[in-house]
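This is what each chain is made of:
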Amino acid sequence: MGRYILKRFGHGIIVIFGVTVFVFVITRMVGDPVKVMLPLEATIEQRAAFEKQLGLDRPIWVQFIDFMTDMAGLNFGNSLWQHRPAMTIVLEKLPLTLALAFLGIGLAFALSIPLGIIASLKPGGVSDRFTVFISLIGLSIPQFWLGLLLIVVFAVQLRWLPTSGVDSPAHIILPAITMALPALARLVMIVRSSMIDELNRQYVKTCTAKGLPFYRVVGVHALRNASLPVVTLCGWELIRAVAGYSVVVETVFAWPGLGLTAMQAIEREDLILLQAIVFTVALVVVVINIIMDFVYTLIDPRLKLA
Amino acid sequence: MNRMRRLLLTGLMLCLVGPVYAQAQEIVIALGSEPTTLDPQLREDGGERAVNDNIYETLMARKPDGTLLPGLAAAEPRLLDSSSWEVKLRPGITFQNGEPFNADAVVYSIKRIIDPQFNSEQMSFFNTIKDAQKVDDLTVKVFTDGPDPILLSRLYWMKIVPPSHSKDAKFAEKPVGTGPYRFVRWNRGQNIILEKNQAYWGDKPQIRKVTYRFVSDPGTRLAGLKAGEFDVITNLLPEFKDQVPKAIHVMGLEFPIIILHADAGPTKDVRVRQALNYAVDKKALAEGLFEGFAQISPGQLLSPSFFGFNKDVQAYPYNPEKAGALLKEAGAAGVTVEVIGTAGRWLKDREMVEAVAAFWDKVGIKSKVRIFEFNEYLNRLFDRKTRADAIFVVSSNELMDADKSFSAYYKAGGIGSSNTDKELASLIDAARTETDPGKRSALYHQAVKRAHEQAYFVWLLNIEDVYGVSKHVEWAARVDAKMLVGEMTVNK
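Quick note, the sequences are listed as chains A and B, same order.
Per my numbering, residue 1 is the first one in the first sequence, and the count goes up by one each step.
Per my numbering, residue 1 is the first one in the second sequence, and the count goes up by one each step.
Okay, chain A solo, but in the shape it has when bound (with noise of 0.2 Å):
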């Protein structure tokens, strides 16, 4: 157990290492914060005393040993925008972002069991059918515009909810959500899938002939041997929620998180804050894969930690 946690840990340094180095070679090979955080008008001379002050006009290999010195104490430096700690801004945001992950993959999940069961009862019949599409149309739908569409009809239509920001739990409502819906359709189908391949199994015959009540068939048994796919892709969804839909959800509602910050640091070439939150979020990445490992064993004994 110790040894396969600090195994996986390894791992998932190698991973969080590769992915940082390689941020810190693309983002130097495309980028330059210089010209585009000055003034168009800025002359030669400020340019090149800016260039120095970021210590940009070092050599790169410099640059690099620095930025490896740094990182093995977790210190990405000062965010050339918000001139604050790299770290300090990400802690500040990551809450947030994570909130919001899971609540919105959380709700996902609950609400894809029981869809997905009776959408599996009668594959074919009238409840399959509506299920499947109202999945279909969820996978359709851009997220951003989903966002949009419930800003408009909740928020400004109706008013129950705000529009944006993060001023109070209700807030969080419609981002959740936005956050929810595509993630819910994916899962949704797989909880289908998996259930209807269970139900045709022998051992559910079996238990059904031996007369334990039709309840306790499906949702202990053939539920606990179909649930193995569904924890797979909710933890998938979770990571795409922290690394992908964040930068969406975030933007559309003005949710002030990693995602949004990852947008903005883009925006404005400020490559120590996105070399901040590429770590962070490969971090977060390796640990749900971490626990997700965790979770197999306890759903199928035959799993083990090894």
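One or more hints might be untrue.
Once the Cα atoms are required to be at most 27 Å apart in a straight line, the calculated BS3-like pairs of lysine-lysine come out as [stated by the list, open to error]: (1) A/Lys35 - B/Lys385; (2) B/Lys471 - B/Lys482; (3) B/Lys368 - A/Lys35; (4) B/Lys482 - A/Lys35; (5) B/Lys63 - B/Lys471; (6) A/Lys52 - B/Lys130; (7) B/Lys204 - B/Lys368; (8) A/Lys52 - B/Lys385; (9) A/Lys52 - B/Lys111.
These stretches of chain A come out as covered by chain B in the derived footprint (C-beta under 8 Å, 3 or more residues) [stated by the list, open to error]: (10) 148-158; (11) 175-185; (12) 246-258.
Keep in mind the hints are simulated off the structure, nothing from the lab.
Built from N, CA and C at the ideal position, the CB exists for glycine as well.
Starting from the known structure of chain A, fit chain B onto it as the hints suggest.
Chain B only, in chain A's frame:
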């Protein structure tokens, strides 16, 4: 994707109009970005300015139409000799924390911002100021590096900070000025709250409390205004104009132009450059792309409220026949002109380049549009060795004086200049040190006229600033883009 999103949103919202809730003398302003600091002297940051313009004041101020007038100064500063000025200060003013506003505060503020150690991003506004000295409690001498005719505009940009509080480590989070509003709270990521300064020396503002919110997406800002959550939103997209309770627009500080290469290639011939100007229907650009929220550029990189504006110079009229004739005369019919642009940096940047290219094609040019990612685009804009035939750029100018944009684009060797006109350069150099406003303005008039005759640019539009405002807020927006809450009122 952006455009599709706006279209979808527009379509959706066209049919939805809701009532607006009025709140007594409290308003919410939605800005596009959160300030990175509230130290008014440190950064070049639009969000910071929007907030601090209400907390801090400057020695010189401007009327809403752009005219300079004394602010914290008691009268317009007096020129003592070619490089020193005497500034008399208004008596009896205190900072919101009780510190007195006096010569010490002014000298301290000037020295603070020009200190190289302080490393202010606003330094390009103040690089001619060398020193400041207290004469008596209400008189300060300011020294410049040689004659500096723009000093008054510079003083309009420099916010005066309280000497002892600004040494506080938390100063950047707790601003204290002399202005009509005082700082209450900054919830990072969420909002900034200001309240009326009861002890303000000038006209008392009507609005009691202001909350700033930060919403980067224009569609979300619009939704917030329509839902009654915001009272004023910045940078309203022109296509949303019919959906807001009120759209306020005023001449802005942004000028899209196309820089033509005057020394080589097809644009070397002045007749070709003129033809490229005649070929473009600027009115169609203003109406088609900006819904009328833009004026035709009067053939110069300035708007009427700017120092140096030449009212005798006018836009090249839309005359495709003349353009075609000029091209034939120059033997340039069917010639290829490469035009460089970028996408997503400025409002409608790509659309403008594409529309201009289409106008050029109509008069017999083969235009080759090349849209680059911003960094790559800048490489080409700043490339001093090989200039592209035509480069689209949006020049902005906050000091409202010709010097900045002319030095960058008009003057030979400027960072974005594509001509080597020595005469034009010498006019701009002469104006830079001419302290007599009449003579200086005459120099710029000549420069404007010369560049216009030579058609070194295709001048397109002067873009307006557009704000969305709720029904119960009254406000006449300003040409300097400052959002002074003291000038807004709420009616119920």
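(request) Verify the proposed pairing of A/Lys52 with B/Lys111, using a straight-line Cα cut of 27 Å. (result) holds (23 Å)
(request) Measure nothing beyond the straight line between the CA atoms of B/Lys204 and B/Lys368; if it is 27 Å or shorter, mark the hint as holding. (result) violated (56 Å)
(request) Would you check chain B against the region 175-185 of chain A, counting CB to CB pairs closer than 8 Å, and say if three or more residues qualify? (result) violated (count 0)
(request) Check whether three or more residues of the region 246-258 of chain A sit with their beta carbon closer than 8 Å to a beta carbon of chain B. (result) holds (count 5)
(request) Mind checking the alpha carbons of B/Lys482 and A/Lys35 for me, to see if they're no more than 27 Å apart? (result) Roughly 26 Å separates the two Cα atoms, so the pair holds.
(message) So if I understand the rule, the pair passes when the alpha-carbon distance is 27 Å or less; does B/Lys471 with B/Lys482 pass?
(response) holds (21 Å)
(message) Just to be careful, I want the Cα atoms of A/Lys52 and B/Lys385 compared with a cutoff of 27 Å; is the pair within it?
(response) Status holds; Cα separation ~24 Å.
(request) Would you mind confirming whether the straight-line C-alpha gap from B/Lys368 to A/Lys35 stays at or under 27 Å? (result) Given pair B/Lys368, A/Lys35 holds - Cα atoms ~25 Å apart, limit 27 Å.
(message) With the threshold set at 27 Å, check whether the alpha-carbon distance from A/Lys35 to B/Lys385 stays at or below it.
(response) holds (17 Å)
(request) Take the C-alpha atoms of B/Lys63 and B/Lys471, compute the straight-line distance between them, and say whether it is at most 27 Å. (result) Holds. B/Lys63 to B/Lys471 sits at ~24 Å (cutoff 27 Å).
(message) Is the listed coverage of the region 148-158 of chain A by chain B valid when you require three or more residues with a beta carbon under 8 Å from a beta carbon of that chain?
(response) holds (count 7)
(message) Please verify whether A/Lys52 and B/Lys130 have alpha carbons no more than 27 Å apart.
(response) With Cα atoms ~23 Å apart, A/Lys52 and B/Lys130 stay inside 27 Å; holds.
Consistency note: the structure conflicts with the earlier hints numbered 7, 11.
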